[in-house]
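A.B. asks: Sequence:
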Amino acid sequence: MKIGVVVSEGPYTHQAADTAYQFVKAALDKGHEVPRVFFYHDGVNVSTRLSVPPQDERHIQKQWTALAQDHGIDLVVCIAAAQRRGLLDENEARRQGKDAHNIAEGFRISGLGQLIEMGIQTDRLVTFGD
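No gaps in the numbering here: position 41 of the sequence shown is 41 in our numbering, and each next residue is one more.
Since the hints were made in silico from the structure, they are not lab data.
Be a bit skeptical, because a hint or two may be false.
[Stated by the list, open to error] BS3-like, lysine-lysine: derived pairs with alpha carbons at most 27 Å apart:
#, residue 1, residue 2
1, Lys-30, Lys-2
2, Lys-62, Lys-2
3, Lys-98, Lys-62
The whole structure should be built from the sequences, with the hints applied where relevant.
C.D. replies: What follows is the structure, encoded as structure tokens:
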């Protein structure tokens with residue numbers, strides 16, 4: 001089964017990103033395909049490369065990056081939600097006249113069309129967060 005995943009709550013303040021990560025791992029272990037995860041609303045905060053959690057805690061962004069690299073998952077960050085929260089990739093930072101970018105490796109910024117496409121191309125769409 002092809003499963004699309006939406007994460008709409010931020011890391012460290014809500015359980016959604018962690019639960020979605022564990023769900024995706026379990027689905028992959030059971031032989032399902034997860035072609036894309038769409039980060040929306042506060043969920044886009046998972047994608048920042050500037051988070052530095054304490055050494056004895058999990059690093060959610062690095063967990064997602066590694067999972068995506070290992071399984072070829074497309075990690076898409078909603079552009080409108082990201083810009084509202086000060087998250088920019090290199091191209092958007094240049095386009096907006098900013099001197100830095102902060103989207104982690106393995107994530108990419110795109111629009112809601114990617115969410116719609118994921119809903120069409122997958123058998124199930126599972127949402128984590130409010």
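A.B. asks: Are there hints from earlier that the structure breaks, and if so, what are their numbers?
C.D. replies: none
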